[in-house]
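S.K.: Line by line, the protein sequences give chains V, A and E.
When we follow UniProt numbering, the leftmost residue of the first sequence carries the number 1, and every step to the right adds one.
When we follow UniProt numbering, the leftmost residue of the second sequence carries the number 1, and every step to the right adds one.
When we follow UniProt numbering, the leftmost residue of the third sequence carries the number 1, and every step to the right adds one.
The reader is advised that the hints may include incorrect statements.
Where chains are identical, the list cannot tell them apart; a pair therefore holds if satisfied intra-copy or between any two copies.
[Claimed, not checked] With a straight-line Cα cutoff of 25 angstroms, these simulated SDA-like cross-link-like pairs (lysine to any residue) come out:
#1 LYS365 x LEU658
#2 LYS230 x GLY639
#3 LYS406 x ARG245
#4 LYS86 x THR169
#5 LYS97 x PHE192
#6 LYS406 x ALA104
#7 LYS365 x SER469
Derived by calculation from the structure, the hints in this document are not laboratory data.
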Amino acid sequence: MDHLLYGVAYYDEYMPYDRLDEDIRMMQEAGINTVRIAESTWSTHEPQNGVFNFSPVIRVLDAMHAAGIHVIVGTPTYAIPAWMVKEHPDVLAVTAKGEGKYGARQIMDITHPVYLFYAERIIRKLMAVVHRHPAVIGYQIDNETKHYETAGPNVQLKFVKYMRETYGTLEAINHQFGLDYWSNRIDSWEDFPSMVGTINGSLGAEFARFQRGLVNEFLAWQIGIVNEYKQPQQFTTHNFDFEWRGHSFGVQPSVDHFAAAAPFDIAGVDIYHPSQDNLTGTEISFGGDMTRSLKQDNYFVLETQAQAFPEWTPYPGQLRLQAFSHLGSGASMVAYWHWHSIHNSFETYWKGLLSHDFLPNPVYKEAWTIGADFKRLSDQLIGLKKTSKVAVMVSNEALSAIEWFKLPGGVIYNDVVRWMYDELYKMNIACDFIQPSSTRLNDYELIVVPSLYAVSDEALQRLNEYVRSGGHAVYSFKSGFTDEQVKVRHTAQPGVIHEACGVAYSHFATPNASAGLTGKLFPEGTEAGVHTVRTWMEMLVPDSAEVLASYDHPQWGEYAAVTRNTFGDGTATYIGCMAEPAALAVILRDTLQVAGLWGEDQQLSFPLIVKSGVNRHGSTIRYYYNYSAESVTFQYPYGAGQELLSGNLVAHAEELKLDAWGIFIISES
Amino acid sequence: MDHLLYGVAYYDEYMPYDRLDEDIRMMQEAGINTVRIAESTWSTHEPQNGVFNFSPVIRVLDAMHAAGIHVIVGTPTYAIPAWMVKEHPDVLAVTAKGEGKYGARQIMDITHPVYLFYAERIIRKLMAVVHRHPAVIGYQIDNETKHYETAGPNVQLKFVKYMRETYGTLEAINHQFGLDYWSNRIDSWEDFPSMVGTINGSLGAEFARFQRGLVNEFLAWQIGIVNEYKQPQQFTTHNFDFEWRGHSFGVQPSVDHFAAAAPFDIAGVDIYHPSQDNLTGTEISFGGDMTRSLKQDNYFVLETQAQAFPEWTPYPGQLRLQAFSHLGSGASMVAYWHWHSIHNSFETYWKGLLSHDFLPNPVYKEAWTIGADFKRLSDQLIGLKKTSKVAVMVSNEALSAIEWFKLPGGVIYNDVVRWMYDELYKMNIACDFIQPSSTRLNDYELIVVPSLYAVSDEALQRLNEYVRSGGHAVYSFKSGFTDEQVKVRHTAQPGVIHEACGVAYSHFATPNASAGLTGKLFPEGTEAGVHTVRTWMEMLVPDSAEVLASYDHPQWGEYAAVTRNTFGDGTATYIGCMAEPAALAVILRDTLQVAGLWGEDQQLSFPLIVKSGVNRHGSTIRYYYNYSAESVTFQYPYGAGQELLSGNLVAHAEELKLDAWGIFIISES
Amino acid sequence: MDHLLYGVAYYDEYMPYDRLDEDIRMMQEAGINTVRIAESTWSTHEPQNGVFNFSPVIRVLDAMHAAGIHVIVGTPTYAIPAWMVKEHPDVLAVTAKGEGKYGARQIMDITHPVYLFYAERIIRKLMAVVHRHPAVIGYQIDNETKHYETAGPNVQLKFVKYMRETYGTLEAINHQFGLDYWSNRIDSWEDFPSMVGTINGSLGAEFARFQRGLVNEFLAWQIGIVNEYKQPQQFTTHNFDFEWRGHSFGVQPSVDHFAAAAPFDIAGVDIYHPSQDNLTGTEISFGGDMTRSLKQDNYFVLETQAQAFPEWTPYPGQLRLQAFSHLGSGASMVAYWHWHSIHNSFETYWKGLLSHDFLPNPVYKEAWTIGADFKRLSDQLIGLKKTSKVAVMVSNEALSAIEWFKLPGGVIYNDVVRWMYDELYKMNIACDFIQPSSTRLNDYELIVVPSLYAVSDEALQRLNEYVRSGGHAVYSFKSGFTDEQVKVRHTAQPGVIHEACGVAYSHFATPNASAGLTGKLFPEGTEAGVHTVRTWMEMLVPDSAEVLASYDHPQWGEYAAVTRNTFGDGTATYIGCMAEPAALAVILRDTLQVAGLWGEDQQLSFPLIVKSGVNRHGSTIRYYYNYSAESVTFQYPYGAGQELLSGNLVAHAEELKLDAWGIFIISES
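Bound-form chain V, shown alone (with noise of 0.2 angstroms):
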């Protein structure tokens, strides 16, 4: 995009009176230029079998076309009529829970023949209506997809082919996933059983890996179809979402982002996050820095919350500390979910920039002044460039096995990369993600590793020859632990990272109350409570590598808790337990310290979040933000620059106030 889009979803189709022409003029008081429409109410535009009827969608074109609003049209896929349920009950997905009910979004089998004839046939008709609009800028393809975990004897019978051509015999299948065990053994192609049963957390892992592809095969299809009408000035994209926690977490079980992303022309998000006093940003540059990861390009925020619930309803201030917080991330829209809220079903009480009055309210007037600034500064503020010195190796098939083998207390994958991920956010290090499948580690000169439970022996090949050229790799425990099908390795562990890490461990535990870190990083006087350890702990015994923390613990004290080796160029820090936050930071400030990126950005450190980048004219632009209701104080250690919002000139070494939840944008001259 040549400019910001500041955008909201908007539902024509649910309100409870004309409002088009006044909603639009809200929006353009607002500075709104982006619309998305049409993903949720195939219903309305297909209200009986074959009766196809999409005046609403020309007319909200029409009239956005007229304002200078620009339109993203959603395909109407992931929530079904009530006709099609009624007339083939068999489209609902069957899951571990049975069979599905009519009612929710989201219930259908995504490979079902008769789902997908539908879908193929309402995609087709909309696009033959919108796609020669000029008010189209794009399509969102379905929305959050997912599998919703179909698992039905028809998706049990795909899996049984797509095991016959992955492994090709049952005795390679019987050896690598251990069915020998409780008399699990399948011994013809006829007695596979369903996976819905199964306690094999390899063949667990494996149908959730399956299960993902259907995912990624399913949205392909729709954007063949989507292609085959798209203008040479329109885009594809999707609202790629999260782990859900109540808000937005971490790492999406259900799909892979980065495979499912790869045919899309832009990828997109949707990030929500906790507010009020608990308004930090971690999950507005963890989205941001995800996404932008996918393409490694900027991206859309689809949707983010305006007020959303009683719980999120923002303070003062909030609503444009978020927005420009997605721009840091490299954001080049940012759209709310969405315009107005809705005054029936299930989403009533998550509400909208606009309140059920349709009246101005604070939320909607702070809006007004993103919505200016935006228009504003565009130029400068568009297609930010972001050149990350670290990244984050997450994957999906160690969050599925950690699924399977929780560790103590029902700690999980995205416990371990938040817990990883948080520390590096609050000390102000910008971050890239990759996978493990990743071939462009060299880019990195530091790459943080949590958990990689369930990966391939090249995968860590990869990892060992990065770090013998010079890369610095740190891993948390149960990293290497098992191969791809969640085998464990047999080797001395963690596998094959034994190599560059220079330590071995043969036992593991859950640490009693008192256990804790001591030695070289955490001295005597290190204050009470920093260097707990909790959940688990490795037993590392070193070979070559130097011990940075043992444990301070009665029984267990001789074995080291956090190891680095130099090997080759570079270093590999591996730490074995998980501590407290306070901990892993004195751990990873060490290992940044050792790999040359500890700078003037980690000078500050949240609650003051700084974030930068190249803009298209060259210039950097640096955001400072406060995640805090206090003012901050700090000293501006870059050139002479101007800070865009208030246009003031800033001088290097400045000392600089940003107020209660503020924002700082500043052009290095």
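Given the coordinates of chain V, work out where chains A and E should sit on it, guided by the hints.
M.R.: Then chains A and E, alone, in the frame of chain V:
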């Protein structure tokens, strides 16, 4: 009735050996003058399909008659025999959880013709046998009737017809229920999906209303049959019960008590409540006020606890306190569930007046004193007429709607009802309950309205008119927010009552930990903790209303929290937040004073509770209850009278001392 | 056996590569002289219906034999192959939760003829191959057999026939089970409803008894087959297990261990317990006492933990302490589950003696010392005979009944059993377990009876007689309350034992927060907290009994809480409430002193545990265990002897110091 009834449920069928004569002897000793029988033992009286044996009923009727004990006969239709389910498994209610299983009571589809056929037959056979028996004073129709979540295909079909009859067209339904949302439109009657899967709160609440209608139909149908046999001096009644939270708690979600009670002769109720250190009398008062309001007359307590559960075993004196508490609310019958503790099955630990050993025990011995006092004072205590100046407006519709749209922390409708009712109770404010459909608003000087969330324009306009003509109304947060189909109003909130309340709001939030109240009613120096806001806060902006309290909050301190508006000749107080009970007490006290309702009884407060009424001889009877383990002293403020239990004369302004768990009953001369 | 067995479960089938020779070498190094094989791998040995391959079994037998390692062969019937379920889905047990799913073990209907057909065939095929092999010392029949909640239509039909056989007539059943209640009568055998939906605790408990009977039948049937092949020197055994609360906890709800053990040659058991800071030895003692009692003989620990879970990874020294703890309770075999940690599937983190890397690790190395000591001391330690003067009476019937009628707070039978057992353990009181049907009561000087809730008159009369003839009995609350059909006795409670206890009660309650004990055993000055009553209090009124403690309670202070009655030549102590363990210890200590059972070992207490017995040479062997991380010192009170582990001589009255987690084994000369 012309005398107080003191009763027990009696199950001769459950006895381990023949005890009828001995039981009657012990009943007589305790002053029991009424028993309820037969409602639980269909399978005893029809052991096989079409084989009837009412001799156990006749035997009890004859023996009771001989002993001068009245009998209420229950129709045995709430617990179905095994043979019926074996022959016709589809009489079991199909619910959202799936097919039913035989074993418990209250598991059948009350709309199913097979069940209705057998129910009618057993009722007619039983009535034919008992209706001319001189022991029989009346009939309990079924038992704690509800709809048992019946929601199978036949019920869904009935619902579709109900919807067509109610709303006429699908276009009206699609619009009013917001079915464009998530592609939920229904454009052909045949496509109407089962409500079991719906995510649309408007549809869900409508289905709940429809299910409550099934209860009304079922009870009216049974009454019709019984009325064919009922003799002139006999009555029909029913033991309504309440939302159950381990004890009677609030408005019954599954039954519209007012509508269901209409065809009965006398309203009846089951009241169970915490005991021992947690005996407060609140549930006795709540349940009594509700049941008295159903027919605006005296009522029966058909079931209440004797020994009951181990955690309820009454302290010495509590059984007496409870019995007279029922009378003070207007009961003309107090009956225990049940005479003897049961030796097998589900309710073995729900103990009766007698323990399993049938021996005289301390609780049974305390009942002797109650029986004697009831007999001695019957003429003065029977038929107490109560006139309340305050009404609490409750609504099944609001309850169902809030079930779908819970407040933060899972707070639901009855939490708000009890939040308000309990403070009135503690202030000794006598209350009736009314529904929004009531046209008798002007009978009251103050109407208290807890979260009247789903309600028609007409009902709200009646409330506006009530205020205009001199009434006083107190609304809590969320009142008026949606219409009767749970569609959020798109006018300024709180919708229609905005006019009388003179206040509006466009946003709301979950309060953070430090949110509080300040301003007129909460001046500097208010005790810490008293003014804390929790769960919910609406950002009120007064038009014409006076601000009684504002928020003490770092971001939202500009908004009002509690307002009062003079409108016509009355006032409307609007409470925009859920606050500590102590804060609510401050607001209610202020409102009662404005309404001129702060009288002598309000000088006393919980644990000293006062209730009063006028007896059949025109004397004012005042009950004073001490719900505590400490004696309390107070000055008697009314005219000279006699304390009926002791016979002592009481002078105006006399200092009285009430023992722990004690009762005074003063008849003003 | 004529020597101590030190064993592991061994799964050659699960190995990622051929390790048999290396495993045997490492076993020999550690002194492992026994392996258990084959019980989990039906699908390996019958990969397709009727296709058999026992070569992996033979290969292991041959190799073990060559190495001088014994083999116990398990019948592989507890985990069924996929092909069987694919061919005959109805072999899966139908339970209250519905149809089963293939995947886990122990999911089949153990009464189903299809399953029994295949089970018999694989057993016979396996036995034919192994029974003459010289390595085979015995057979484990199935594995941790239970009924798996099987409750499908065929099982229900079987239950009806069982009921008719047991009770004769429906009239008897209706009366004894109280089926008039809630219209549950059954007046035709065809109408007998499934027990899956029953709300009648008497029926429910009877069904549980019936299900336990299925286990007995199934095991006896298998033993019958195996016995056709078993050679004279071979044995049958079974690994019984316990109520599982994350570890072995209490009486097994699903199996009557005494009845099920009868047809076996040697009793066996699985014992798993907390470790690290939570290692107390209690479960080792409990499980050992129970299993020794089954056949009043030495027993096998067929499974116990090696490294097991991360929270159990033993501290240095704990594996030794555990091994000798088993011997002190009378075990003649200690075997680990399992040799090697598994690389795939469900129990990957239930680690064996070897980690996944197969390398020598600290736990494996500790096993070396155990193996060596077992070998060296076998002659002195094998066949320890133990004579207990105290028995704890336990009952599956009481357990099932209390499952239906839980104590307040969800307290169930095993909570009470462990409440009592654990105090005896901490006092170093050696115990046997007996059932109410035991006729050997006079073998004991004291019988401790936890909540014997459901029990026949006959059994209670035997207990009365036991006391009359000089025995001492201690009953907890709720003993004797119902008969064996869980029908509450209608005499004064505690029913039949009222006679011996000389105390009665007619009501009971949940104690409030301040309830406590006072009186003779709890004089003024008793440490705060020690005498707190919780969960349950019966209001005891003594006839002839002495009051040992009364309630300290504002309302119920008049009632006794603990009483003792001299009856004939013995005493019966009745504890009417659940109190703090420390209060129970006071009561038990007093009772033990009265019974003359307070000896030298009672001068010591947990964490210093003493166990003893007489070896085959007539020497008294005394084990001293230190279950703590601190060393402890004590005076040895017995005659001079030798500490066998060190070879040191020990003099009478010598001061001995036992290291953290240490063991002494003293053989008195």
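S.K.: If a hint holds in the structure, say so; if it does not, say that too.
M.R.: Cross-check of the supplied hints:
| no. | hint | result |
| --- | --- | --- |
| 1 | LYS365 x LEU658 | within (22 angstroms within a copy, 62 angstroms between copies) |
| 2 | LYS230 x GLY639 | neither (45 angstroms within a copy, 90 angstroms between copies) |
| 3 | LYS406 x ARG245 | both (17 angstroms within a copy, 19 angstroms between copies) |
| 4 | LYS86 x THR169 | between (41 angstroms within a copy, 19 angstroms between copies) |
| 5 | LYS97 x PHE192 | both (20 angstroms within a copy, 24 angstroms between copies) |
| 6 | LYS406 x ALA104 | between (30 angstroms within a copy, 19 angstroms between copies) |
| 7 | LYS365 x SER469 | neither (54 angstroms within a copy, 39 angstroms between copies) |
Violated hints for the displayed structure, listed by number in ascending order: 2, 7.
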